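Student: Top line first, the protein sequences correspond to chains A and B.
Using the working numbering, read the first sequence as starting at 1 and increasing by one per residue.
Using the working numbering, read the second sequence as starting at 1 and increasing by one per residue.
Take these hints with a grain of salt, some might be off.
Just so you have them, the derived chain B footprint on chain A, three or more residues with Cβ under 8 Å [unchecked claim]:
| no. | stretch |
| --- | --- |
| 1 | 129 to 135 |
| 2 | 149 to 159 |
| 3 | 260 to 270 |
Don't read these hints as lab results, they were simulated from the structure.
Please read these numbers as outputs of a predicted model, since none were measured by experiment.
No residue lacks a Cβ here, since even glycine has one placed at the ideal position from N, Cα and C.
Spelled out, the chains give:
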Amino acid sequence: MSVNALPALAWALALICASSMNAPWAAAQDQSTEQAQEAPAAESDEAAEPEEPDAEAIVLDSVEFLAGLPAFGFNWFVSYDVVDDGREKLTFTRSGSNLIVRGEGFSASSEEGFKLRDYYYDGETFTVSAPEEDFYASRKFDQGFEALVVALRERTDTVLPLWTIMAEDLPDRMVTGADLAAYVGLTRIGGVVAHHIAFAGYQEDWQIWIADDPDAPVPIYIVGTESDEKGWPQYRAWLSDWDLAPETTPEQFVFTPDENDLPAALPDLAARPTTAEPASEEAQQ
Amino acid sequence: MRASPIFAALFAVIFAIFAFGPAPERVVTLGVSVDSAEARPGGRGGGFKGRAHMRPKGARARPANRARPRPGNRARPSTRPNRPRPSTRPSTRPSTRPSTRPNRPVAENRPGNRPGAGNRPGNRPGTGNRPGNRPIAGNRPANRPGYRPGRPRPPGYRPPGYRPPHWRPPAWRPPAYRPPYPRPPHWRWGSYYYYPRWGWYFTAALATSTFVYVATLPREKECEEIRSEGETMYVCDGVLYRSSVYQDEQVYEIVSEPEEVIDAGDQGGVSESYAAQGSVLQLTSPRMRGDDVLALQRELSARGYELGTPDGVFGPATDRALRSFQEDNDLAPSGVLTEQTASALGF
Numbered sequence: 001m002s003v004n005a006l007p008a009l010a011w012a013l014a015l016i017c018a019s020s021m022n023a024p025w026a027a028a029q030d031q032s033t034e035q036a037q038e039a040p041a042a043e044s045d046e047a048a049e050p051e052e053p054d055a056e057a058i059v060l061d062s063v064e065f066l067a068g069l070p071a072f073g074f075n076w077f078v079s080y081d082v083v084d085d086g087r088e089k090l091t092f093t094r095s096g097s098n099l100i101v102r103g104e105g106f107s108a109s110s111e112e113g114f115k116l117r118d119y120y121y122d123g124e125t126f127t128v129s130a131p132e133e134d135f136y137a138s139r140k141f142d143q144g145f146e147a148l149v150v151a152l153r154e155r156t157d158t159v160l161p162l163w164t165i166m167a168e169d170l171p172d173r174m175v176t177g178a179d180l181a182a183y184v185g186l187t188r189i190g191g192v193v194a195h196h197i198a199f200a201g202y203q204e205d206w207q208i209w210i211a212d213d214p215d216a217p218v219p220i221y222i223v224g225t226e227s228d229e230k231g232w233p234q235y236r237a238w239l240s241d242w243d244l245a246p247e248t249t250p251e252q253f254v255f256t257p258d259e260n261d262l263p264a265a266l267p268d269l270a271a272r273p274t275t276a277e278p279a280s281e282e283a284q285q
Numbered sequence: 001m002r003a004s005p006i007f008a009a010l011f012a013v014i015f016a017i018f019a020f021g022p023a024p025e026r027v028v029t030l031g032v033s034v035d036s037a038e039a040r041p042g043g044r045g046g047g048f049k050g051r052a053h054m055r056p057k058g059a060r061a062r063p064a065n066r067a068r069p070r071p072g073n074r075a076r077p078s079t080r081p082n083r084p085r086p087s088t089r090p091s092t093r094p095s096t097r098p099s100t101r102p103n104r105p106v107a108e109n110r111p112g113n114r115p116g117a118g119n120r121p122g123n124r125p126g127t128g129n130r131p132g133n134r135p136i137a138g139n140r141p142a143n144r145p146g147y148r149p150g151r152p153r154p155p156g157y158r159p160p161g162y163r164p165p166h167w168r169p170p171a172w173r174p175p176a177y178r179p180p181y182p183r184p185p186h187w188r189w190g191s192y193y194y195y196p197r198w199g200w201y202f203t204a205a206l207a208t209s210t211f212v213y214v215a216t217l218p219r220e221k222e223c224e225e226i227r228s229e230g231e232t233m234y235v236c237d238g239v240l241y242r243s244s245v246y247q248d249e250q251v252y253e254i255v256s257e258p259e260e261v262i263d264a265g266d267q268g269g270v271s272e273s274y275a276a277q278g279s280v281l282q283l284t285s286p287r288m289r290g291d292d293v294l295a296l297q298r299e300l301s302a303r304g305y306e307l308g309t310p311d312g313v314f315g316p317a318t319d320r321a322l323r324s325f326q327e328d329n330d331l332a333p334s335g336v337l338t339e340q341t342a343s344a345l346g347f
């Protein structure tokens, strides 16, 4: 056997070993299958094990908890894969911090490579600034945070970092479309005891670790896998330093430019789409 | 079911044939073609800039005959053979970035070490509410050779040829012009277009209008910086640019029309020949056409009146827009460009 063939053999053996390994997902499925098979016996057995936690209920509790908070902040670190040519997988990172006080304002900072961005919104004016590139762009917008997210996406093709977690209508957005949901188990991640929950869908699988704290069931770690894409790229979001009662001042949500900062133009975020004009003409008639 | 040793050995041999047919150095290629040039006017760009992994859609990053046929349904090996690390790594990786990056306080402002909300944007020390120890205007265009700050302007000054954002309608199309060479799409900006005075540019069709952008200002030309009403604009070789934000990046919107050249002495870039000739613009049959009509259309479009792409032909859309303008300015909605209407339009 040539030397080059040795890794191949090792891989083949690894495949065989893997088929007999109990991966978490496989374990969850096996467990659910076994439970289904043993269900009649368990019903009659008084010493049956406690019922497995409801995965979806844990997630829903978490998002409702976040949506009900009047203010919170957290730091985040995201890594994501980009599969080039369906073959070469590269990983990039982005990190920052978010802070929101509902009805008052929002601020965030983001760092992606050498690109720094700060975002400010005080309920009336939105500003994005580039601290190291000495420019900023501001626009009046008084329609609230959720509408701001939509307007920015539609009119500047810009997405606020991790805005989903801060949206007040987060529970309504929790339409997972998952085909399978599994409670993988209770574990400890980054020093925090958390529920490990996995969902599987046609285009994306995702896992989430939610703190096992009835008073603060915050998400700790989120992993998404685009199973419908070549190379199965993943993203991983690590959420830390949760501050559920931040002390804030209104100045935190207002951008103050330096004298060297140059203003850049931002499209009118409140402008009506031109497609609405025929309707307005009809209204005039 | 337990796999038999015979099956395992057979599988290993089959895999070895598939995996090591071609030499490893042929198999492993990053498939990235990197060109650090940017989308900039003058047509000297070439290639595309950005993270090299972002291969533009439709562009082939490596020759097709170098692609190694792989069995479609086999898993990728977890114990890969030692493959040479790609030598074609992106040249824009952090290690090649300029050393002029400001010294950000690592322990305080790096996100991973931030304690709670203590140093979020609103709490940052320094001038205003921004990080403090960064170079002053380190990479501002005005500080680069070829850029000069504009002279003081009166409040409300607008440079000649100025138009507000959103002035190009959603149906705007780039002027037809054959580029000097085919250029692949940019991984972020998409398809490139070319026009001699603008160089390579790209467009963005957003919710309300079409925007025409370049990623950087022309470096070979002297540009005058103009600050006005919360906007920063540049006049480079007669073309007016506006600093803008698109996809969270700073870009420069080309404000000028393709054939339009901004003259410093021009007070609006609008033809006044119709007034000299005593002609009256209106909807006629056959329709009036020419530079006068084009100037009128541009002015109406700049003021937010929807009339499609200015084409220099006085059609029904121009007529409607003109009547709307007259109504909004307490003029008789005649659809005729009277002296009062022309005056209200600033002609």
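Student: Against this structure, judge whether each hint is valid.
Tutor: Cross-check of the supplied hints:
Only residues whose C-beta sits within less than 8 Å of a C-beta in chain B count toward coverage, and the stretch 129 to 135 of chain A has 7 of them, enough to reach three; the restraint holds. Given as covered by chain B, the stretch 149 to 159 of chain A passes the check, having 6 residues with a CB less than 8 Å from a CB of that chain where 3 are the minimum. Residue count for the stretch 260 to 270 of chain A with a Cβ under 8 Å from a Cβ of chain B: 8. That meets the three needed, and the coverage hint holds.
Checked against the numbered hints above, the structure breaks none of them.
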